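*Asks:* Here's the letter readout for the chains.
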Amino acid sequence: MKDEELLSDYVDGRLAAGARAALEARLAAQPALARRARVLKAMKSALSGSAPAMPADLKAELKRRARARAPRRGSSWLEDLRSALSAPWAYGAGAAAFAAAALTVVLLHHPSGTAPEARFSPAPAAAFNDPAAAEGLKSLWRADNGGDGDEG
Amino acid sequence: MKAELAVLLLLGAVPALARSRAPKHLPDADAALATITSFPAQPCAARGRVQFFRPGLKPKGLGTTVYTLPDGRLRREVRDKGPRKPAAQVIVDDGGTQSVYLAKASLLWSGAVAREPSARTLSRLKSIYTVAVSTGGHVAKLATWRLNFFAPGGPLRRSFWVDRKTGLLLKTETYRYDGTLSRRERLVKLEIPAQVDPALFARAAPSGTAARPLIPPDPPVAGIAARFPRWAPLGFLPLEARARDGGALIAYGDGEARFTVFEGPAGASSGLDERLGREVRLPDGMTARLLPAGDGAALVRRTGAGLLVVSGDLADEELARVAESLEEAR
Numbered sequence: 001m002k003d004e005e006l007l008s009d010y011v012d013g014r015l016a017a018g019a020r021a022a023l024e025a026r027l028a029a030q031p032a033l034a035r036r037a038r039v040l041k042a043m044k045s046a047l048s049g050s051a052p053a054m055p056a057d058l059k060a061e062l063k064r065r066a067r068a069r070a071p072r073r074g075s076s077w078l079e080d081l082r083s084a085l086s087a088p089w090a091y092g093a094g095a096a097a098f099a100a101a102a103l104t105v106v107l108l109h110h111p112s113g114t115a116p117e118a119r120f121s122p123a124p125a126a127a128f129n130d131p132a133a134a135e136g137l138k139s140l141w142r143a144d145n146g147g148d149g150d151e152g
Numbered sequence: 001m002k003a004e005l006a007v008l009l010l011l012g013a014v015p016a017l018a019r020s021r022a023p024k025h026l027p028d029a030d031a032a033l034a035t036i037t038s039f040p041a042q043p044c045a046a047r048g049r050v051q052f053f054r055p056g057l058k059p060k061g062l063g064t065t066v067y068t069l070p071d072g073r074l075r076r077e078v079r080d081k082g083p084r085k086p087a088a089q090v091i092v093d094d095g096g097t098q099s100v101y102l103a104k105a106s107l108l109w110s111g112a113v114a115r116e117p118s119a120r121t122l123s124r125l126k127s128i129y130t131v132a133v134s135t136g137g138h139v140a141k142l143a144t145w146r147l148n149f150f151a152p153g154g155p156l157r158r159s160f161w162v163d164r165k166t167g168l169l170l171k172t173e174t175y176r177y178d179g180t181l182s183r184r185e186r187l188v189k190l191e192i193p194a195q196v197d198p199a200l201f202a203r204a205a206p207s208g209t210a211a212r213p214l215i216p217p218d219p220p221v222a223g224i225a226a227r228f229p230r231w232a233p234l235g236f237l238p239l240e241a242r243a244r245d246g247g248a249l250i251a252y253g254d255g256e257a258r259f260t261v262f263e264g265p266a267g268a269s270s271g272l273d274e275r276l277g278r279e280v281r282l283p284d285g286m287t288a289r290l291l292p293a294g295d296g297a298a299l300v301r302r303t304g305a306g307l308l309v310v311s312g313d314l315a316d317e318e319l320a321r322v323a324e325s326l327e328e329a330r
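In the order they appear, the protein sequences are chains A and B.
Count the first sequence with the working numbering and you get residues 1 to 152, in order.
Count the second sequence with the working numbering and you get residues 1 to 330, in order.
Think of the hints as simulated: they come from the structure by calculation, not from any bench.
Heads up, some of the hints might be wrong.
[Said to hold, decoys possible] Cut-off 16 Å, straight-line C-alpha distance, at most; resulting in silico cross-link-like pairs (EDC-like, lysine to aspartate or glutamate):
| hint | chain 1 | residue 1 | chain 2 | residue 2 |
| --- | --- | --- | --- | --- |
| 1 | B | K60 | A | D148 |
| 2 | B | K126 | B | E279 |
| 3 | B | K58 | A | E4 |
| 4 | A | K138 | B | D80 |
| 5 | B | K104 | B | D80 |
| 6 | B | K189 | A | D148 |
| 7 | B | K104 | A | E135 |
| 8 | B | K58 | A | D144 |
| 9 | A | K138 | B | D28 |
| 10 | B | K141 | B | E191 |
| 11 | B | K165 | B | E191 |
| 12 | B | K81 | A | D144 |
| 13 | B | K141 | A | D148 |
| 14 | A | K41 | A | E4 |
| 15 | B | K60 | A | D144 |
| 16 | B | K165 | B | D80 |
[Stated by the list, open to error] Per label pair, the in silico range of CB-to-CB distance:
| hint | chain 1 | residue 1 | chain 2 | residue 2 | range |
| --- | --- | --- | --- | --- | --- |
| 17 | B | P55 | A | E5 | 47 to 57 Å |
| 18 | B | H25 | A | E135 | 44 to 54 Å |
| 19 | B | G56 | A | D3 | 47 to 57 Å |
| 20 | A | D3 | B | P55 | 24 to 34 Å |
| 21 | B | A105 | A | E5 | 52 to 62 Å |
| 22 | B | A202 | A | G146 | 31 to 41 Å |
| 23 | B | D245 | A | A19 | 57 to 67 Å |
| 24 | B | D30 | A | G146 | 31 to 41 Å |
| 25 | A | G146 | B | P193 | 26 to 36 Å |
| 26 | B | G56 | A | E5 | 45 to 55 Å |
| 27 | B | A202 | A | E135 | 25 to 35 Å |
[To be verified] Some residues of chain B that are not near chain A, with every Cβ distance over 12 Å (derived):
| hint | residue |
| --- | --- |
| 28 | P70 |
| 29 | R115 |
| 30 | G235 |
| 31 | P283 |
| 32 | G285 |
Here the structure is a predicted model, which is why all the values come from computation and not from measurement.
All residues carry an ideal CB built from backbone N, CA and C; glycine is no exception.
Turn these sequences into a full structure, and let the hints guide you.
*Replies:* This is the structure:
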């Protein structure tokens, strides 16, 4: 397991006791690794401790964006995020980018403080709608050469 | 052999003879305009083409066959698989009722559409455009005059080609504000007189086909009665009506071109720069502004009662006629 994955599982409290003890020993010996762990903890705290629970639509949007930006073999959005944060210098930038992305999504979904339901509510249903007409009319047209000539 | 040669020479001479008989002096604009709404004095059959040009996309087109009778009855068929195949769309207009049939979907629309007096059509054109006449070359092998319709002091918006001898309208082009071609409708082969079966004008669809209203009942939208226009250019059907920005938005289309009618409260935003364009007084006495709107054009009319915006891929006088037909709906 890579250090990033170890750190992430450590911060999330998912490491087994043995693995956790081994990692804590390394953290004590390696200041750089300890700094990465502190940044990761701070991010987790900022995003889960002080902030409200992530709305389902925000989570879905973040996942969609992460997938769109990383068309690699079946990696999850969280793995992509971890990968992006793997370089020490990237922690700050990555956290800022993550926070900015989250803020953007939140702002988009909560314009001027309005409830998310207001933004996501479906457009008013059409009082009149005739999709058969639209489809039927569309089928009449063909590609044209744009020419302006008489028929022989 | 000599006989064949003589026939060929004769055939070749016919267009030249026809040209030689056509008037050679430019008519004044009023004289050229006077006949464009008239139907041929004898039964007529013609093949035509409608082309639509969207910026950045390949042109689209459809082939038409048009039949007319001197009393103004009209039948237009759209065929997408050659002249021997059944028509994909049939429109029949008897001067009082218009029917539109889409064969593949077996759908029929029908409703009362009153024919407009020629004087009103001409009055609208004159109130909106400055007209100039030039020579127009040949359309369907007929020598034509070209009537150019300009926004006063502005760009060319529309051109009509009329037969020099009969004054029949043979071709139209509509232009965007940037000068590019938006739509062309032309006859490519004309037969006058033609053998035209009057039964062609009896109905557009097989008997027994249930008809939807061509002008749907005005639906309640956003607390107001959205009004469908009482007139739309040939081939356009109502597609949608929904609430928008405190008003009602109605959309029409012909498969490629599209236009919308928005009616909202006084003070509502049109979303357009209304300082652009020009003010016109329409035949119904009301004033409105004609201006660019995206790739198309718009008519904006503000009154104390509310805002009306008709916009889309229509010519200026078509926008105006749609707007006027809404007043008729009151």
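*Asks:* Indicate, hint by hint, whether the structure satisfies it.
*Replies:* Hint-by-hint comparison with the structure:
no., hint, result
1, K60(B) <-> D148(A), "holds, 13 Å"
2, K126(B) <-> E279(B), "holds, 13 Å"
3, K58(B) <-> E4(A), "violated, 51 Å"
4, K138(A) <-> D80(B), "holds, 12 Å"
5, K104(B) <-> D80(B), "holds, 11 Å"
6, K189(B) <-> D148(A), "holds, 13 Å"
7, K104(B) <-> E135(A), "holds, 10 Å"
8, K58(B) <-> D144(A), "holds, 7 Å"
9, K138(A) <-> D28(B), "violated, 40 Å"
10, K141(B) <-> E191(B), "holds, 11 Å"
11, K165(B) <-> E191(B), "holds, 15 Å"
12, K81(B) <-> D144(A), "holds, 14 Å"
13, K141(B) <-> D148(A), "holds, 13 Å"
14, K41(A) <-> E4(A), "holds, 12 Å"
15, K60(B) <-> D144(A), "holds, 5 Å"
16, K165(B) <-> D80(B), "violated, 32 Å"
17, P55(B) <-> E5(A): 47 to 57 Å, "holds, 51 Å"
18, H25(B) <-> E135(A): 44 to 54 Å, "holds, 50 Å"
19, G56(B) <-> D3(A): 47 to 57 Å, "holds, 50 Å"
20, D3(A) <-> P55(B): 24 to 34 Å, "violated, 54 Å"
21, A105(B) <-> E5(A): 52 to 62 Å, "holds, 57 Å"
22, A202(B) <-> G146(A): 31 to 41 Å, "holds, 36 Å"
23, D245(B) <-> A19(A): 57 to 67 Å, "holds, 59 Å"
24, D30(B) <-> G146(A): 31 to 41 Å, "holds, 33 Å"
25, G146(A) <-> P193(B): 26 to 36 Å, "holds, 33 Å"
26, G56(B) <-> E5(A): 45 to 55 Å, "holds, 47 Å"
27, A202(B) <-> E135(A): 25 to 35 Å, "holds, 27 Å"
28, P70, "holds, 24 Å"
29, R115, "holds, 23 Å"
30, G235, "violated, 8 Å"
31, P283, "holds, 29 Å"
32, G285, "holds, 30 Å"
Consistency with the previously given hints fails for numbers 3, 9, 16, 20, 30, ordered from lowest to highest.
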